[in-house]
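Protein sequence lines correspond, in order, to chains A and B.
Going left to right, the first sequence walks through residues 0 to 332 as numbering that gives the first Met the number 0 numbers them.
Going left to right, the second sequence walks through residues 0 to 332 as numbering that gives the first Met the number 0 numbers them.
In case anyone wonders, no lab produced these hints; they're calculated from the structure.
Yeah, the Cβ is synthetic: ideal placement off N, Cα and C, and Gly gets one too.
Please note: incorrect hints may appear among the correct ones.
Unchecked claim - Label-pair distances were calculated between CB atoms; the ranges are:
{"id": "1", "chain 1": "A", "residue 1": "192", "chain 2": "B", "residue 2": "212", "range": "30 to 36 Å"}
{"id": "2", "chain 1": "B", "residue 1": "212", "chain 2": "A", "residue 2": "127", "range": "53 to 59 Å"}
{"id": "3", "chain 1": "A", "residue 1": "162", "chain 2": "B", "residue 2": "247", "range": "49 to 55 Å"}
What the hints assert, rightly or not - Covered stretches of chain B, going by a simulated chain A footprint (3 or more residues, C-beta under 8 Å):
{"id": "4", "segment": "126-139"}
{"id": "5", "segment": "172-179"}
Unchecked claim - Away from chain B, derived, C-beta distances all over 10 Å, residues of chain A:
{"id": "6", "residue": "104"}
{"id": "7", "residue": "132"}
{"id": "8", "residue": "174"}
{"id": "9", "residue": "189"}
{"id": "10", "residue": "205"}
{"id": "11", "residue": "249"}
{"id": "12", "residue": "251"}
{"id": "13", "residue": "255"}
{"id": "14", "residue": "272"}
{"id": "15", "residue": "273"}
{"id": "16", "residue": "275"}
There are 2 protein chains.
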Amino acid sequence: MSTSGVTVLGGGVIGLSVAWFAARDGFAVEVVDPGSPHGGSWVAGGMLAPITEAWPGDEDVLALGVESLARWPAFAADLGVALSLVGTLAVATDVADGEVLDQLRAHLESQGRSATRLTRRELRAAEPGLGPSVRSGLSVPGDLSVDNRDLLRALRAACARHGVRFATESTQDHEITVIAAGAWSRDLHPLLREVIRPVKGEILRLSARPGALPPPRHTVRAQVSSRPVYLVPRAGGLVLGATQYEAGFDPDVTVGGVRDLLRDAEVVWPAIAEYALTECAAGFRAGSPDNLPVVDWLEPGVLAATGHHRNGLLLAPVTARRVLDLLREGGTR
Amino acid sequence: MSTSGVTVLGGGVIGLSVAWFAARDGFAVEVVDPGSPHGGSWVAGGMLAPITEAWPGDEDVLALGVESLARWPAFAADLGVALSLVGTLAVATDVADGEVLDQLRAHLESQGRSATRLTRRELRAAEPGLGPSVRSGLSVPGDLSVDNRDLLRALRAACARHGVRFATESTQDHEITVIAAGAWSRDLHPLLREVIRPVKGEILRLSARPGALPPPRHTVRAQVSSRPVYLVPRAGGLVLGATQYEAGFDPDVTVGGVRDLLRDAEVVWPAIAEYALTECAAGFRAGSPDNLPVVDWLEPGVLAATGHHRNGLLLAPVTARRVLDLLREGGTR
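With the rest of the complex left out, here is chain A:
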């Protein structure tokens, strides 16, 4: 058993997963996080959806996502967090958006995966609250979802059980540093500055009020007037997401973003008009040039685990596993 020390910069889902795995393996671990309300793991929908997110050209992203998804049931069970297994409906409201669904289905089939086209009637049998403008859909089995904030709490608790120390500034002089600070990683090493960029996203949290139609059972992803929107059911409510801007570290929730999310989601699920709007938040994903994360040594003693873009939660198990392998190698160099 190694007894080296590891400092993890970043207390989001990647940093905490890395810290948990490393501490469980015998490393002395400190997680350093100054705290931000704009971390990508906190401001997230919680979809674990490599399959519905699949897109031609991103086959490596799909393969990595599918590999990590397979690890999720055990990962969640170890943490004691619940996974939603109901799956995803991808829906469209006009012909052009319906063609996007056809492309997704064709692509999934080319990758050896199935997705079922649903008629208008089948869609409504699955989710009676869908709006009248929703006219085509695809049932995509396999995707999961998790309450991202429950997950973060469970990860912190698991870390604490294994002796991980938490600090807002580094207090230990450890041999190894893991940079897992999401979009902020770009400021922590010159090699990351060139490849990691913040990709802003806005999400809304809604709560179903008494008398209102409850949220859908499935995660619903939609194209509305070419804009993507997702509705993730969450304990009596919904998370709506997500806008996407390349505008640096601008933390504002914009009127235009909220307007689009509400408008598009209401087309998909009209009952939300009667829901309570409980939170509007903006966060930063860690974008990378090829949409794949950077998980590797940057120099002796300095590891990166960042660049997860829209897939930080999904890729946490596979990333933490890979970092642990690198740490074990690093310990013997």
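Using the hints provided, position chain B relative to the given structure of chain A.
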């Protein structure tokens, strides 16, 4: 000088104004307020607008409002709070809404007040950022506006300077109680239960971001698709209001309310799409059957000062003056 003690139930603009006037007059005063984020004074636009709000049948409301408005410059000066004197533009986007403006002008003229119809070109000269759908308008001189939260802070400071005590529960056994708890007053005396009701309103606070067109200089009131909306400029941003529901003490900000306010305000001032949405809030106005406040003795030793509906800020000076007169009489009975 009287030295009687007065307990004021309610720390909103009415309760604080009453407390300030009474303490300044020599009464020993305690303000009791358990604290709520849904008070009508905190969740308010800050318009002091009896004239633009005038409506046939509500002549008494207009007269009282105009009387109080005349007291506002001195009231604000004593408190050291700034008043905006720029005035109000009432605008409309379609023919039916334009007819409402014609009715308002006719009514104001019948009351001996003037309002000027503006052409499309004149409107844009006054406020170049108005949306292309805004096609008629009325310039209404005389209305003021105030930052409602600055006002509350200034009132608390003025009260403190005059020895007013603040508590979340009553600590003094005073001879006189003033019920000034807004919509919650209905639960504080059986006579109020029949006449005071909560009228829920939602408002949004926006902040103009760098590069976006600044907010209008005027308060802009509009009818959009028959829904009223107002935009009150406020230190680099705007307050948008206000929805109106008769639904008891339901404190939720609803998706439908936010959607309507954003949609309607964006028609009036398209630049808000680039603004930051900094707050969504719901509050309760104290509705009364005739839209006039209840300012009178309910029984020996118990005074009411409530039922101000949409006009709590506007009517604070005249209400506090009237309560002080009643307290002085009460002290000699």
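Check your understanding: Does the claim that residue 275/A lies off the interface hold, with its Cβ farther than 10 Å from every Cβ of chain B?
Key -> The assertion about residue 275/A is violated, with a minimum of 4 Å to chain B.
**Study point:** Separation of residue 174/A from chain B, once the least beta-carbon distance is taken, above 10 Å
**Key:** holds (43 Å)
Check your understanding: Beyond 10 Å from every Cβ of chain B: is that where the Cβ of residue 189/A lies?
Key -> The claim holds: residue 189/A sits with its nearest Cβ about 29 Å from chain B, beyond 10 Å.
Check your understanding: Are there three or more residues in the segment 172-179 of chain B whose C-beta lies closer than 8 Å to some C-beta of chain A?
Key -> It is violated: at least three residues are needed, and the segment 172-179 of chain B offers just 0 whose Cβ sits closer than 8 Å to chain A.
Exercise for review: Mind checking the hinted window 49 to 55 Å against the Cβ distance between residue 162/A and residue 247/B?
Suggested key: holds (51 Å)
Practice item. Would you check whether the claim that residue 273/A is not at the interface survives, using Cβ distances to chain B and the 10 Å cut-off? Key: Non-interface label on residue 273/A violated, nearest chain B Cβ at 7 Å vs cutoff 10 Å.
Check your understanding: Can we trust that residue 255/A is non-interface, i.e. its beta-carbon lies farther than 10 Å from all of chain B?
Key -> About 4 Å separates residue 255/A from the closest Cβ of chain B, which leaves it inside 10 Å; violated.
Check your understanding: Are all C-beta atoms of chain B more than 10 Å from that of residue 104/A?
Key -> holds (31 Å)
**Study point:** Distal placement of residue 205/A relative to chain B, Cβ over 10 Å
**Key:** violated (6 Å)
Review point. Is the nearest Cβ of chain B still more than 10 Å from the Cβ of residue 249/A?
Key: The claim breaks: residue 249/A does not keep its Cβ more than 10 Å from every Cβ of chain B (closest is about 8 Å).
Practice item. Could you check that no beta carbon of chain B comes within 10 Å of the beta carbon of residue 132/A? Key: For residue 132/A, whose nearest Cβ neighbour in chain B is about 16 Å away, the distance exceeds 10 Å, so it holds.
Exercise for review: Decide, holds or violated, for the assertion that all CB atoms of chain B are farther than 10 Å from the CB of residue 272/A.
Suggested key: Contrary to the label, residue 272/A does not stay out of reach of chain B, its closest Cβ about 4 Å off (not over 10 Å).
In the structure shown, a violation is registered for the earlier hints numbered 2, 4, 5, 10, 11, 12, 13, 14, 15, 16, in ascending order.
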